[in-house]
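Protein chains in written order, with my numbering: chain A, 1 to 373; chain B, 374 to 974.
A portion of the hints provided could be inaccurate.
To be verified - Derived DSBU-like pairs: lysine-lysine, alpha-carbon spacing no greater than 35 Å straight-line: (1) Lys780(B) x Lys819(B); (2) Lys780(B) x Lys244(A); (3) Lys839(B) x Lys101(A); (4) Lys405(B) x Lys98(A); (5) Lys780(B) x Lys82(A); (6) Lys436(B) x Lys557(B); (7) Lys625(B) x Lys411(B); (8) Lys436(B) x Lys137(A); (9) Lys365(A) x Lys118(A); (10) Lys587(B) x Lys476(B); (11) Lys98(A) x Lys839(B); (12) Lys947(B) x Lys923(B); (13) Lys819(B) x Lys587(B); (14) Lys625(B) x Lys839(B); (15) Lys101(A) x Lys780(B); (16) Lys244(A) x Lys355(A); (17) Lys533(B) x Lys118(A); (18) Lys118(A) x Lys44(A); (19) Lys587(B) x Lys123(A); (20) Lys5(A) x Lys82(A); (21) Lys625(B) x Lys560(B); (22) Lys603(B) x Lys839(B); (23) Lys411(B) x Lys436(B).
Hints listed in this document are in silico derivations from the structure and should not be mistaken for laboratory results.
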Amino acid sequence: MTRFKVWVKIATVFGLVFLLTGCWGNRPVNDRILVLCMGIDPAKSPNQFTVIFQSPTPSAVTNSSQGSSSASGGQSEVFAVKGTGQSLEAAFNQAQAKVSKDLYLGQLQLLVISNQLKPMLLKRAITSLQSIGTLDKTPYIVVANGSAFRMLQQTSPQAKFPSLYFISLFGCVSCQTDALGIRFWQYLVRIDTRGVDPYLPVALPFSQGYRVDRVALYRGYHYITMLDPIQTTTFGILQGLSHKVSVFLPKQQATVAFLTGPSHLTTQVINGQVRATFDIHLTAMLMGLDAHTETPQKISEISQTTSQIIAKRCVALVRQLQRQDVDPLGIGRMLSWQHPHTFSNFVHWHQEYPKVHVVVHCVVKITDVGTTK
Amino acid sequence: MWPFSRHKSKVGAKRSTRANRLDETPKNPAIKLMETLKTSEETLEYLTGVDLGLLKDLITETKTFSKRLEALIQDFTQGKSSSQSPTLDQFSGDVEAAYDRLKSTVGQSPDIIIRRFFIGQSHQVPALLAFVDGLASNEMIDQDTVTLMQTFKGTESLLKNPAIAHQIIHDSVVSVGHATVETKWSKLIIDLMGGNTIVWIQGCPEVLVLDTVKYPARAISAPMTERAVKGPQEAFNEVILTQMNLIRRRIKSPNLHFDPVKIGQLSQTLVVVAHVEGVTNPELVMAVKRRLADIQIANLEYSNTLSESLSSSHSLFPQVRSTERADIVARDLSMGKVAIMVDNTPYALTLPATFIDFYQTTDDYTASFWEASLERLVRLLGLFVGLLLPPLYIALSSVDPELLPTKLVITIAGSRVGIPFPPIFEVIIMWTIIEILREAAIRLPKGLSTTLGTVGAIVVGTAVVKAALVSDIMIVIITLTALGLFTSPVYEMAVPWRILFWFVILAAYFLGVYGIILSLIVILAHLASLENFGVPYLSPFGPLRIRDLKDSWVKFPEDAMVYRPTSLRTVSPKQRTHHTKKPMVYPQLHQAQKEHFDDEV
């Protein structure tokens, strides 16, 4: 009897182990359609959206394994399947009906959302995406100005597939002016955290590929605005994400380049008034100045001028953000960490946010004088 | 007339006065049966169409049986007439009876030489000599035994004191180095079969056993299965004496013991249990001997036959190390292990063996500790590559492709376009080819096997890819797997991994990466549960012995390995003194170097 019980226990454990795995989806990778990019566009019907599933073509896949660099006959190396529905699942089913293989989302690398997507639809899509088991929430997420489908149709000579282009771009911090790459889980964190609003990089297609030098600002699921390239670099400095930002000084006829450094945000509550201070410490390289005129005084003067310019730009940007009532810099979140009682007393942070007094301290230290790296 | 006739025997005077009790009993039943059979044969000869072969065989057998019975009876009655208590196993002192007995038993075999002769010339004492042709040295028998005994001049002493004749011959006549005395037939026959020369002397109940053993033996050659770059190039041969000599040369201490045991009712194989007294745990030695004593088999041909009896369970993993290298046996003995050598097998067993023992080689101890550590880590890496690469390929390309980098998954998908089989069948196809090539390479002559292996691998590998039966990535994976699984320096350890490989493959196929982890946990749990002679198989990792980790996957310098493995519970835990004495503390040890520098200055 005891032995019988032991065997029953062993069988139960093994049974549970096998049944609870959830790994029974055995299908070779070549029998799946690897969806590398997914785009979400508003559909014609106001309550629906269109989902674009983009995958490499079989010939592109074969060429890739054989080391061939381009598709034969100038054909496109990717194909897209569209599905429309009120939910992501409905759109997925419609798309699945159009192909003979399994639409596999486990290798999704890029999620493109249109800035024209209504908040309700965006929320529905994001909620559905979170519940896809094979999706590991690591794909990069970008915003398309207008149609996501149009953006996905654009190809770049630098990479075979759009997804590979963005993986290379966002995966390499020093390859960007500002490190703007946002992964899906980072976006979800910003959506779900009080006191901070999400921002997303914008990919603008042009004739030779994509341009990523702007960010789109959201208040929750509401699209608010898109920053221009100058404002985006300033935003990057405030976030400590800048890498190849440069400032031209017309008076000195010099360029201060490679502005890089951390930005520390602190909050204070003085007489009930919230005060946010950005301490920015940047290092930079001075270029374009005649070698004979380099003196410590002149370099110091240039440093101060640059610091003032950047500080001004930063203050202007923050004030604009306050006016638009969008907090992508996370001032509210920092307040909740540093002064939780004060923050918890605010019923709606967005009512208090425009009243925050913002100070920017910027110090630029020129470490090197020379040529462009 | 044969000089050994009972009527002519001088020493057999006692026998002539002996009461013949056999006459009182009915005729020997074997003789009676033989006579009946002969009559039947004569009758049957007249009949045609009857096969008489069987009947003739039966008559021959009966004749032999009759002779044997006669000899036994004679021995028995002779013993009875003497003062000794008669038993059939005891030699009676009657050479003629001994001759009959030998002739009717082992003497029928052509390789058994039985010779009757006289000791001395003036007063001749009958004697009998037997040996196995080919196992005994003819020179020793001719020059050191027969010649000397035939020319012996003091035979009067033999006649006067026949009971101590063996002592006189031993002390004054034969010049064979090693001679012993035996009285029992059961032991004499075994000694005879072992290559000894047996000398029976008329009237003397003690029999001389002369060590004239000279086996036809293979020369000591370089190890074939455990090659070393810098280590000694001596492997055991089939002769147990040579094996003992090779070990004795390495451990000259009198504490080295070789305890003989005979195993096998038919083979009577000599098995030697070697251990170092004062180092090896005596309980371990006793336990090994007890287990050996429990083995009841008819024939012991190979040392590996003992492995099963010396292992605690029927595990896939070897728990006894089999080695042909004398230096490894010597090292294991000095560590406190027990070695078992089996006659006619060039592989000795050392035990108890732990998992890490199978990944240690001679080269680890002849090279620097840096090199040894690197090589051991490479072996570990090889094990992981061999065991996990195809399962990971199956799991990641079929079950969990989301875990792969995008570029790699596209490459794999591209390489598999047009392949009709799932990855697991690719593995089965390729592994079958590898196993066939391996098996063929082992059986074929060396030159041919190399050619076949190379040609087979290239031709078959290229062909299966061109035929789109397997992907080109699979060729790379299986090649690495085949190489990785054989990085274990001991061949026995490669076998369990080759079998468990399929267990992990199936787990990966059904459950993906989760299945691989699950299967590895099962394997690890099994390894952790193994224990032989009280030594955990996974020691020093489980239970963790920090001190013993110095000679595990990473090897520390020799002077850091002060103690013997804790798990062996040796009598003397220390194997060397502490660290090398440093120049600053002991300047006198480095004086010469200092003077040399002073001279230069």
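Given pair status - Lys476(B), Lys587(B), alpha carbons within 35 Å = holds (23 Å)
Mind checking the alpha carbons of Lys5(A) and Lys82(A) for me, to see if they're no more than 35 Å apart?
-> Not OK: Lys5(A) and Lys82(A) at ~55 Å, beyond 35 Å, violated.
Given the hint that Lys625(B) pairs with Lys560(B), does the C-alpha gap stay at or below 35 Å?
-> Status holds; Cα separation ~31 Å.
Is it true that the CA of Lys947(B) sits at most 35 Å from the CA of Lys923(B)?
-> Holds. Lys947(B) to Lys923(B) sits at ~14 Å (cutoff 35 Å).
Between Lys101(A) and Lys780(B), is the straight-line Cα distance small enough, at 35 Å or below?
-> Holds: Lys101(A) and Lys780(B) sit about 20 Å apart, inside 35 Å.
If you draw a straight line from the CA of Lys405(B) to the CA of Lys98(A), is it 35 Å or shorter?
-> violated (102 Å)
Are the Cα atoms of Lys411(B) and Lys436(B) separated by 35 Å or less?
-> holds (11 Å)
Below or equal to 35 Å on CA atoms is what counts here, so check Lys819(B) against Lys587(B).
-> holds (31 Å)
Please work out if Lys780(B) and Lys819(B) have their alpha carbons no farther apart than 35 Å.
-> violated (43 Å)
Compare the distance between the alpha carbons of Lys780(B) and Lys244(A) with 35 Å, and conclude whether the hinted pair is satisfied.
-> holds (28 Å)
Are the Cα positions of Lys780(B) and Lys82(A) separated by 35 Å at most?
-> holds (24 Å)
Restraint status (C-alpha distance of Lys118(A) to Lys44(A) at most 35 Å) = holds (12 Å)
In summary, the structure is inconsistent with hints 1, 4, 7, 8, 9, 14, 17, 19, 20, 22 from the numbered list given earlier, while agreeing with the others.
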